[in-house]
Amino acid sequence: MGRRLLALTGVLIFLSLVLVLIHVFTSKSLQIEIDPPADSISLRGMPWPVHVQGRYLVRPGNYRLVARRAGYHPLEREIQVGTQASQTLAFSLLKLPGYLDITSAPERGVYIQIDNTSFGSAPIQRLQLEAGTYVLQATADRYLPYTTQLVIEGKHKQQDLQIQLQPGWAEVSIDSRPPHAEAWLDGARQGQTPLRLELMAGEHRLDLQHPDYLPYTVDFLVVAGQPLVLPLAQLQVGTAHVRIASIPPGARVTIAGLDKGQTPLSLALAPNTEHHITLTKPGYRPSHQILEIEPGQQKTLTMHLETMLGTVIVQATPEDAEVLVEGKTAGAGRLRLELPSAPQRLEVRKPGYLSHTQTITPLMDTPQVIAVTLKPAAARNRQDLPARITTHQGETLIRLDGGTFSMGAPRREQGRRTNETQHSVALQRPFYMAVREVTNAQFSAFMPSHHSGSYRGHDLSAPDLPVVNLTWADAVRYCNWLSEREGLEPVYEEKNGTWVAKTPLPAGYRLPTESEWEWAARWRPDGTLAKYAWGHGYPPVEVTVNYADHAASGLLEDIIDGYDDGFAVAAPVGSFRPNPLGLFDLDGNVAEWCHDYHSIYPALSEKTYVDPSGPTTGTKHVIRGASWMRSTLSSTRLSYRDQDNNRHVDVGFRIARYLD
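Per our numbering, the sequence shown starts with residue 1, numbered consecutively.
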C-alpha cells in the first residue's frame, strides 16, 4: 500500500512537471509597462500567468489587468495576448482630481471663470478640478481684470488661491475759480466744485457750468491707482447776447458811438454794464435805449422808429405819366406826396417817352417841387443815359460804353492757362457797373442771417468789408432783391432748383458778364489792355491793390516779397485808388462772381462775340480777379479765370445792369 501511494505521488509529480514544461515552452512573453509605475499589478486569466523577472509567461487568450497607485485612478483593462513570442503593453495612470479653494480681495463681487466656464463669485471652496493647466479670469466692478495660469496637481491634493484685484479707478480732485460750478463728467452731473471723485481709468470729459461765466470743458486721462489733481479751472466771465431788431428794419446800430451794423443783428455784449444803444435810419427819428444784460443772458430788443415825413409835389408832363416811388406806383401827373425824409428813387414814365429817374430826399419843414417833362423816345442815344445811377441802398454804378477788344491771353504769355483762349469781343450795349464791391452791411439788409465769418482769427464780417462766404446763387438772389425793390424786372429766375438768367437779359440788377468785367479791368486810356492792375511787369513795385503780402505772411504760405498793402485779409471797400475807369478793387481785395457759366472759347476763332453773356447751361460759374489770398505771377494777371459755385473766404461780388 505504501509503495502504491509512493508510485502514485511520483506519477502526479511527473505529470505536473510535464504540464509546467508544456506551459513554459508554449507560453508567450508579456511585458506590461505602467506610467507612472504602479504600486500593485494583478493579471488574471487561465491558464494562470506566471510572473518571471518582471515579465509574464502567458498563453494566448484574454486576461484581466488591474493596476493601482496611490493618488491615481485604478487601471482596469481586459487585454488580449496574441501569438507573438514577445509582446509589450503600455498603460498610463490618470491622476485623481484636486481640490481648489479661492478667496479674493475684495471679498465679494469677484466673478470667476476657468477656461471660459463660469464658477460664480468668490469665495469658492472645495472646487474639484481634474489635474492639468487652466486659465483663470477674475472680474469685478471698478477693478482691473485679473488673469493667471492655474496648475492643478490633482491626486486629491488641496490647493489654495488668493486673488488680489487692483483698483480700476483713481481719485480725481476737481476745483474751479470761482467755486460752486456745476460739474458734469461724461454727460452725467456730479455736483458742485470743489469735488473729489473716484473715476475709472481712461479718457474723461469734464464740463463746468456757472450761470455767470462761460462754459469750461477739459479732457483728461485717468490712470488706475494714480491720484490726479486737475489744474484749477479759471472760469471766464460769460458774455451776454442781444438780438436787436427795428421796425422798420435796416436801421444803423451804434453802441457807445461805435457802428455795429444794421438791424436785425445779433451781438455779444459785456454783462453787468450799461450799453447806450442808438438806432438811426434816413427818414426816421433816432431811437435811444439803455440796456443792461446779465452774464450768459440772451435777450431780444425791438425798437420802433418814428417816421419823419416831408412833402414832395410832383408836376409830371404829360399829365397822365405814371409816378413811382421806390418802384411802387404813387399816382399820375400832378401829385402831393408825404414821404419819409430819406433818399428815395422817384421815377416818372409813360410808354413812348424816355423814363425819368432821380433820387430825392424829402425835407421835414420845406415842401419840394419836382417838375418833370418826359421826352419822346424817338432818338435816344448814349449821351441820354445818365453817367451814374444809385440804388436805394446807396450803391453807385457808373455808365460804361464798352468797345471792341481781344479777350483772353496770348498763347505765349507767361502764366497763361489753357482756359484763357483769345477771342474778339464787342461790347455794344452800354452797361452800368458798381464802383465798389457789395459790403457786409449792404448784403445784410437782404439776408440778415448771413455772416462772412473769419479767417484764422481775422474778422471778415465788419460792415465796410466786402461780403464773402456766399454762393453764386446768393449773389444773384441779392441782385433780384434789388431789382424788386426798385420795380425792375429781375434778371434771374429759379428753374428746377437752379438759378438761371432770363434771355434776353432784362434791365434789372445782375452780376457783370465776364467780358464786361475783363474790359473794365484791362481798359486803359491809351487804347492798350493792361496785363496787371499796376501795368505790365511782375512783381508790382508800388502798392496798388490788396494782394497776399507781407501783412499776411503769418497766414498764407505764398506772398509777394517786398509788397505790403497793410491788410492781412480783406480791406474795407475803396481803400485803394480806383482804376482808370473809376472802379475800386476790381482786381485784388476779393475775387468776384461773374454772370457767366464757365466755358472755353474756341481757339483761333475769327468770330467777334457781341455782348456775350456766356452759355445758357453749365455746371460752374466764372470767378474773376485776384484777392488778398493771391500772389503768383499767373493769378494776379487780369486775364486769369477761375470757376466754382461754392462759398469762399476771398470771393465776393459787385453789381451791374443795363439801363434799358
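If you're looking for bench data, these hints aren't it; they were derived computationally from the structure. Glycine included, each C-beta is placed from N, C-alpha and C at the ideal position. Treat the hints with care, since some could be wrong.
Here are the simulated SDA-like cross-link-like pairs (lysine to any residue), alpha carbons at most 20 Å apart as the crow flies [to be verified]:
| hint | residue 1 | residue 2 |
| --- | --- | --- |
| 1 | K502 | R429 |
| 2 | K155 | V237 |
| 3 | K299 | K375 |
| 4 | K328 | T361 |
| 5 | K260 | P282 |
| 6 | K531 | L659 |
| 7 | K260 | T273 |
| 8 | K531 | E489 |
| 9 | K350 | L488 |
| 10 | K157 | M200 |
| 11 | K157 | P194 |
| 12 | K502 | R524 |
| 13 | K531 | K350 |
| 14 | K157 | V237 |
| 15 | K28 | Q87 |
| 16 | K607 | G487 |
| 17 | K328 | K299 |
| 18 | K155 | D35 |
| 19 | K375 | T361 |
| 20 | K531 | N419 |
| 21 | K328 | H304 |
| 22 | K299 | V237 |
| 23 | K502 | E489 |
| 24 | K28 | L43 |
| 25 | K531 | A507 |
| 26 | K350 | G327 |
| 27 | K28 | G45 |
| 28 | K350 | L659 |
| 29 | K95 | P37 |
| 30 | K157 | R68 |
| 31 | K260 | A224 |
Have a look at the derived ranges for each label pair, beta carbon to beta carbon [unchecked claim]:
| hint | residue 1 | residue 2 | range |
| --- | --- | --- | --- |
| 32 | A90 | Q166 | 44 to 50 Å |
| 33 | Q166 | R456 | 45 to 51 Å |
| 34 | G82 | Q159 | 29 to 35 Å |
| 35 | K502 | R524 | 22 to 28 Å |
| 36 | H288 | G537 | 39 to 45 Å |
| 37 | D558 | A473 | 28 to 34 Å |
| 38 | P178 | E198 | 24 to 30 Å |
| 39 | K502 | E294 | 26 to 32 Å |
| 40 | T373 | T619 | 17 to 23 Å |
Hints, one by one, checked against the model:
no. : hint                    : verdict
1   : K502 - R429             : 17 Å, holds
2   : K155 - V237             : 75 Å, violated
3   : K299 - K375             : 55 Å, violated
4   : K328 - T361             : 17 Å, holds
5   : K260 - P282             : 17 Å, holds
6   : K531 - L659             : 30 Å, violated
7   : K260 - T273             : 17 Å, holds
8   : K531 - E489             : 36 Å, violated
9   : K350 - L488             : 15 Å, holds
10  : K157 - M200             : 40 Å, violated
11  : K157 - P194             : 55 Å, violated
12  : K502 - R524             : 32 Å, violated
13  : K531 - K350             : 45 Å, violated
14  : K157 - V237             : 71 Å, violated
15  : K28 - Q87               : 8 Å, holds
16  : K607 - G487             : 37 Å, violated
17  : K328 - K299             : 36 Å, violated
18  : K155 - D35              : 15 Å, holds
19  : K375 - T361             : 24 Å, violated
20  : K531 - N419             : 16 Å, holds
21  : K328 - H304             : 24 Å, violated
22  : K299 - V237             : 17 Å, holds
23  : K502 - E489             : 10 Å, holds
24  : K28 - L43               : 14 Å, holds
25  : K531 - A507             : 31 Å, violated
26  : K350 - G327             : 14 Å, holds
27  : K28 - G45               : 14 Å, holds
28  : K350 - L659             : 16 Å, holds
29  : K95 - P37               : 13 Å, holds
30  : K157 - R68              : 18 Å, holds
31  : K260 - A224             : 52 Å, violated
32  : A90 - Q166: 44 to 50 Å  : 48 Å, holds
33  : Q166 - R456: 45 to 51 Å : 47 Å, holds
34  : G82 - Q159: 29 to 35 Å  : 44 Å, violated
35  : K502 - R524: 22 to 28 Å : 34 Å, violated
36  : H288 - G537: 39 to 45 Å : 55 Å, violated
37  : D558 - A473: 28 to 34 Å : 30 Å, holds
38  : P178 - E198: 24 to 30 Å : 25 Å, holds
39  : K502 - E294: 26 to 32 Å : 52 Å, violated
40  : T373 - T619: 17 to 23 Å : 50 Å, violated
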